[in-house]
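Undergrad: Given next are the chains, with one letter for each unit.
Protein chains: 2
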Amino acid sequence: MGYGYRGKVLRIDLSSGRIEVETPDPIIYRRYLGGSAFGLHYLLKELKPGIDPLSPQNMLIFTSSVLGGTPLPGATRLSVLGKSPLTGGLGETEAGGWFAPELKRAGFDAIIIRGRSDRPVYLWIKDGKAEIRDASHLWGKLTGEVSDILKEELGDNRVRIAQIGPGGEKLVRYAGIVNELHHFNGRTGMGAVMGSKNLRAIAVRGTQEVPMYDPERAREIVRWFVQEYYKPQPGDMHDLGTSRIVKPLSDAGILPTRNFREGSFEGAEQISGERMRDTILIRRGTCYACPIACKRIVKVDEGPFKVDPKYGGPEYETVASMGSLCGVNDLRAVAKANEICNKYAVDTISCGVSIAFAMECYENGILTKEDTGGLDLRFGNAEALVKMVEMICRREGLGDILAEGVRRAAEKIGKGAERFAMHVKGQEVPMHEPRGKKSLALAYSTSPTGADHMEAPHDPALENLGPEAGDPLEPLGLIEPMSSLEFTPRKVKAYYYCQILWNLYNCIDMCDFVGVPLGPFPINKLVEYTQAVTGWDTSLWELMKVGERAATMARIFNFREGFTKEDDTLPERLFQGLEGGTLKGEKIDKEKFEELLELFYQMYGWDPKTGFPTRGKLAELDLLWAVE
Amino acid sequence: MGYGYRGKVLRIDLSSGRIEVETPDPIIYRRYLGGSAFGLHYLLKELKPGIDPLSPQNMLIFTSSVLGGTPLPGATRLSVLGKSPLTGGLGETEAGGWFAPELKRAGFDAIIIRGRSDRPVYLWIKDGKAEIRDASHLWGKLTGEVSDILKEELGDNRVRIAQIGPGGEKLVRYAGIVNELHHFNGRTGMGAVMGSKNLRAIAVRGTQEVPMYDPERAREIVRWFVQEYYKPQPGDMHDLGTSRIVKPLSDAGILPTRNFREGSFEGAEQISGERMRDTILIRRGTCYACPIACKRIVKVDEGPFKVDPKYGGPEYETVASMGSLCGVNDLRAVAKANEICNKYAVDTISCGVSIAFAMECYENGILTKEDTGGLDLRFGNAEALVKMVEMICRREGLGDILAEGVRRAAEKIGKGAERFAMHVKGQEVPMHEPRGKKSLALAYSTSPTGADHMEAPHDPALENLGPEAGDPLEPLGLIEPMSSLEFTPRKVKAYYYCQILWNLYNCIDMCDFVGVPLGPFPINKLVEYTQAVTGWDTSLWELMKVGERAATMARIFNFREGFTKEDDTLPERLFQGLEGGTLKGEKIDKEKFEELLELFYQMYGWDPKTGFPTRGKLAELDLLWAVE
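Top to bottom, those sequences are chains A and B.
Every letter in the first sequence is one number past the one before it in the working numbering, and letter 353, counting from 1, is 353.
Every letter in the second sequence is one number past the one before it in the working numbering, and letter 185, counting from 1, is 185.
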């Protein structure tokens with residue numbers, strides 16, 4: 001079989017309307033697998049550095065992987081890549097759902113989009129064919145409406161739709177792309193890029209079987225996972241969803257609260273996964289082929305914050321960013337904020353952080369009622385929160401400024417507002433606290449997409465990096481437990497290995513909740529499964545090297561766009577002690593951070609002077625082409 | 001099971017006569033496995049830098065591995081480490097045979113020897129117990145004699161004996177250690193170190209079973225190997241031994257001939273594996289648990305070069321170093337030279353290269369009959385060759401100078417002799433030609449033991465690095481064939497990966513002829529086997545990292561002893577064109593070499609300015625302790 005996996009890539013030029021189907025050399029699959037590395041391979045080859053991310057020159061790449069569409073739980077994610085209008089560097093984001101498997105069943109591994117249509121359009125892909133269609137009737141509509149119209153129009157209820165909402169149309173810089181109304185490519189503003197291209201949606205339908213080299217062996221592993229390995233239990237991801245960690249994090253002092261001033265939230269119980277289960281939860285949702293079903297479907301029928309279950313329910317990130325981070329303890333308000341973001345297809349993390357930023361500005365007199373349109377934008381005001389979310393999604397009033405992200409908003413507002421702007425490289429910090437989970441200091445500062453919890457391990461469970469023997473991480477040789485607060489060279493090493501692994505996940509489009517480190521899936525089984533699907537006699541060595549390759553490609557991309565090692569830093573607040581909560585006073589020591597960052601560079605083969613990969617490392621990863 | 005493999009280490013202090021048994025922390029096994037890394041771990045912790053290698057301060061470490069003594073063909077090697085009297089840097093050498101498995105069956109993974117006995121002694125180890133015994137009656141005797149005496153004296157014919165010969169007693173700087181009279185720890189002069197300690201032999205007998213975590217799974221892999229995988233065929237290692245490559249190498253222009261002046265030898269057929277099989281071969285020999293049986297047993301009854309089959313027969317290295325390298329086409333003379341080296345326990349490679357050096361000096365008038373004791377020491381003189389071997393082993397006349405190795409001999413002789421001294425870091429170049437197998441330029445220049453073919457891949461088969469799909473190297477991601485003469489960044493990458501793998505072999509004490517790259521054993525099977533034996537949920541990633549760790553530890557060791565990056569070079573001759581043979585004119589381009597060497601450093605995480613591992617790389621490999 002060798003490197004014989006074969007697939008197809010769909011190329012769309014929205015300016016000319018040209019549609020092409022490309023058959024990449026099999027070695028491209030072996031070297032890049034899919035997702036992150038596969039997309040970066042095209043970006044580095046074809047995207048001109050220095051272009052405006054919202055111009056027709058930008059590319060927008062949707063990609064699955066060599067495992068996509070096969071029955072392994074978790075191997076289901078959809079990566080979207082382009083140049084980010086939020087950071088000016090790499091835009092990359094992954095979503096669960098059904099879109100990627102459907103794309104595979106339609107015969108494609110990826111879609112590469114360029115140009116700009118002169119009118120709103122959508123893309124209709126079915127079984128190896130694609131068509132650009134008018135979308136004038138969809139423009140301005142909420143995501144739920146568009147979904148209904150398209151299914152009707154295409155006469156097929158099983159069509160899978162990835163779309164932007166009015167947020168993306170209005171170029172909210174952190175607008176996302178949503179599939180099936182509640183699976184989000186949330187971060188780095190890929191929805192704005194799609195909006196700038198006048199592309200409202202992609203509908204896909206595939207009826208072909210996704211071929212596997214050794215289907216029997218592959219299915220045996222899936223059976224083992226479903227029957228023997230994943231055992232639902234109270235308090236787990238199925239039972240409580242991602243919000244299961246709200247209370248434990250607050251207790252541990254690492255639940256981001258009031259714009260990262262504090263780490264414990266007095267209202268944690270009220271916005272917890274348990275509370276959600278016992279009140280507004282009506283169903284659990286899932287992704288293609290996954291028995292875990294971590295997704296929430298919530299409904300609120302009465303009161304000021306009615307919520308339509310069509311739009312799913314809030315994840316942990318949303319609960320924290322709209323809840324504790326804004327000091328809001330009203331779960332219904334949080335669910336409403338989530339619903340609005342989903343209707344408009346806007347990233348809940350950046351949105352919540354932008355509002356928390358505005359709240360702190362407001363409490364410090366930097367913003368006034370005049371700026372907020374009369375809203376009393378103090379921490380804890382649930383009504384103001386929900387109103388502000390809507391204003392951002394519609395770019396109304398202060399919302400128009402906050403829709404630019406906190407970095408640009410702080411610049412515009414001035415008066416020292418930047419000290420409350422929690423971002424790295426322009427992207428807002430997600431809901432994990434580096435002062436209590438020290439490896440996040442490396443994660444946030446070096447992630448190519450700016451502060452990002454999907455580019456690097458971040459779970460508190462994992463923060464006993466490495467785990468006890470018998471743990472899924474054992475095959476990496478991470479066998480000595482260490483504490484979350486430890487910040488030493490061995491933590492850097494453990495983080496580095498996990499970071500490569502997560503990069504690999506972003507290349508095989510594996511869900512972090514199913515795969516290790518977060519979930520239960522043993523790495524060696526994943527290697528076996530990859531062997532079974534592709535027929536390659538591959539190994540964890542080769543696969544981890546794809547992870548390293550992806551990280552290195554992202555680094556090259558950002559440096560081409562003008563980033564330097566000076567951009568690998570953290571908001572000043574994180575170098576100061578937490579002002580409240582269990583870990584009050586805990587901080588990132590700046591000197592230690594700089595020392596360990598240098599070690600991290602060296603582990604990756606990046607020159608600590610420049611932060612750029614050495615020529616030897618590029619040669620090792622077959623990436624010299626990308627700098628020549 | 002975690003990192004729960006447990007074993008024992010025997011510590012002997014020959015000065016005080018103290019014997020101790022140590023039980024290392026299980027993590028030591030997981031991190032170092034055995035062999036190279038395991039030994040280096042003790043050397044770096046306990047050996048004072050700067051000591052005289054022939055002083056009592058030197059350590060001599062015999063080590064097997066976590067796989068030693070289990071039934072996998074090839075996992076049978078014995079590593080011996082110490083500071084080398086030949087190079088002044090790391091001494092390390094591996095031998096096949098039965099000694100290591102027997103040591104495991106006696107309950108030990110390793111023996112650490114220090115000090116110096118005030119009289120000749122030998123060590124007797126049986127089932128967990130050890131004893132230092134008088135060896136006055138053995139001193140001065142040939143290896144075969146000592147073997148007979150000890151088996152008689154210990155009353156057990158199944159005792160396994162590793163010993164030095166009169167060569168080690170006389171501190172020939174490249175004296176080796178031999179077990180079962182024809183399995184050689186040949187290189188880096190560990191026999192001289194043993195001689196300097198007045199330790200003539202170690203006899204071991206073990207009757208315990210070597211425990212395995214999952215014996216059934218382990219035996220299944222062994223069965224698969226023996227029944228399904230290894231199929232003897234004409235022309236293979238079993239049929240022709242390692243000398244099967246003599247003719248192909250000569251045809252390809254890469255058989256070292258007349259002190260590396262040429263690459264094809266007109267007498268190749270006469271010293272070939274085929275000729276050996278058809279004339280002097282009487283039996284094939286093997287190592288513990290191996291069905292391949294690549295070893296030769298030869299016998300010559302008449303003529304000037306009678307050979308006793310007790311001492312086995314010449315390997316390829318010997319055939320080339322005593323044959324083509326000295327211009328000698330008489331296979332019987334070569335076999336005789338081999339027999340003498342085995343009787344005296346002297347490394348045939350360094351011995352042959354030293355004689356070829358002397359021959360070239362002689363032909364250039366730098367040495368005369370006066371120096372040679374009347375011998376007409378020209379290339380091709382078989383009788384002079386055999387005589388000279390004996391003189392070296394006994395340190396007689398010119399032999400006393402050549403017993404110092406070519407670097408020291410050239411210094412002593414002067415008159416420009418150093419241009420004929422084929423060595424790196426003081427160790428003589430083995431029988432593989434970098435000008436025709438380009439990655440050897442990296443191998444020889446960077447090997448921690450000086451020019452060495454067991455520290456890095458060197459086989460012509462492998463020089464199509466990486467191989468076609470389906471090859472055992474596929475799990476490394478080396479899937480694109482390349483030519484032997486290519487010398488480009490991608491060759492460096494392929495070499496780097498193979499080099500790590502070979503380092504790993506030296507840690508699990510796996511034979512290069514059974515394991516990949518040379519042999520047929522798929523890497524992934526080896527990982528599975530390691531899992532079965534140890535119970536660790538390990539992976540190729542973790543194991544390769546042990547290989548990297550070993551290489552990095554060796555680097556640290558040498559730098560502590562004063563080596564710098566300036567020592568990573570080649571004899572000047574290799575930068576000049578071959579003077580004859582199929583590849584006449586082919587050379588290593590010096591500029592290219594320096595460029596690629598820098599890439600190689602960077603791949604390994606070595607600072608190209610200093611050649612020393614970066615702090616980040618040391619942290620990644622858990623080696624900061626070794627520099628603090």
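Don't take each hint at face value.
Stated by the list, open to error - Once the Cα atoms are required to be at most 27 Å apart in a straight line, the calculated DSS-like pairs of lysine-lysine come out as:
(1) A:Lys-609 x B:Lys-8
(2) B:Lys-299 x B:Lys-310
(3) A:Lys-412 x A:Lys-369
(4) A:Lys-609 x B:Lys-310
(5) A:Lys-415 x A:Lys-369
(6) B:Lys-525 x A:Lys-525
(7) B:Lys-126 x B:Lys-310
(8) A:Lys-141 x A:Lys-8
(9) B:Lys-126 x A:Lys-565
(10) B:Lys-231 x B:Lys-8
(11) A:Lys-8 x A:Lys-126
(12) B:Lys-565 x A:Lys-609
(13) A:Lys-592 x B:Lys-609
(14) A:Lys-565 x A:Lys-590
(15) A:Lys-151 x A:Lys-45
(16) A:Lys-609 x A:Lys-587
(17) A:Lys-45 x A:Lys-565
(18) A:Lys-151 x A:Lys-141
Calculated directly from the structure, the hints in this document are not laboratory data.
Undergrad: Would you check the hint for Lys-565 (chain B) and Lys-609 (chain A), treating anything up to 27 Å between C-alpha atoms as holding?
TA: 21 Å, holds
Undergrad: Hint check: Lys-609 (chain A) vs Lys-310 (chain B), CA-CA at most 27 Å. Holds or violated?
TA: Status violated; Cα separation ~61 Å.
Undergrad: Would the hint linking Lys-45 (chain A) and Lys-565 (chain A) be met if the CA-CA limit is 27 Å?
TA: Judged against 27 Å, a Cα distance of about 23 Å means the pair holds.
Undergrad: Against the 27 Å threshold, does the CA-CA distance of Lys-8 (chain A) and Lys-126 (chain A) hold or violate the hint?
TA: Distance of about 14 Å is within 27 Å: holds.
Undergrad: Hint check: Lys-565 (chain A) vs Lys-590 (chain A), CA-CA at most 27 Å. Holds or violated?
TA: 15 Å, holds
Undergrad: Would you check the hint for Lys-525 (chain B) and Lys-525 (chain A), treating anything up to 27 Å between C-alpha atoms as holding?
TA: Roughly 15 Å between the alpha carbons, so the hint for Lys-525 (chain B) and Lys-525 (chain A) holds.
Undergrad: Please work out if Lys-592 (chain A) and Lys-609 (chain B) have their alpha carbons no farther apart than 27 Å.
TA: 25 Å, holds
Undergrad: Could you grab the alpha-carbon distance between Lys-151 (chain A) and Lys-45 (chain A) and see if it respects the 27 Å cut-off?
TA: Not satisfied, since the Cα-Cα distance of roughly 36 Å exceeds 27 Å.
Undergrad: Taken at face value, is the distance from the CA of Lys-369 (chain A) to the CA of Lys-412 (chain A) at most 27 Å?
TA: The given pair, whose Cα atoms are some 17 Å apart, holds under the 27 Å limit.
Undergrad: Does the structure keep Lys-231 (chain B) and Lys-8 (chain B) at a Cα separation of 27 Å or less?
TA: This hinted pair is violated, its Cα atoms lying about 37 Å apart.
Undergrad: For the pair we were handed, Lys-126 (chain B) and Lys-565 (chain A), check the Cα-Cα distance against 27 Å.
TA: Judged against 27 Å, a Cα distance of about 60 Å means the pair is violated.
Undergrad: For the pair we were handed, Lys-299 (chain B) and Lys-310 (chain B), check the Cα-Cα distance against 27 Å.
TA: 9 Å, holds
The structure fails to meet hints 1, 4, 8, 9, 10, 15 from the earlier list, while all remaining hints are met.
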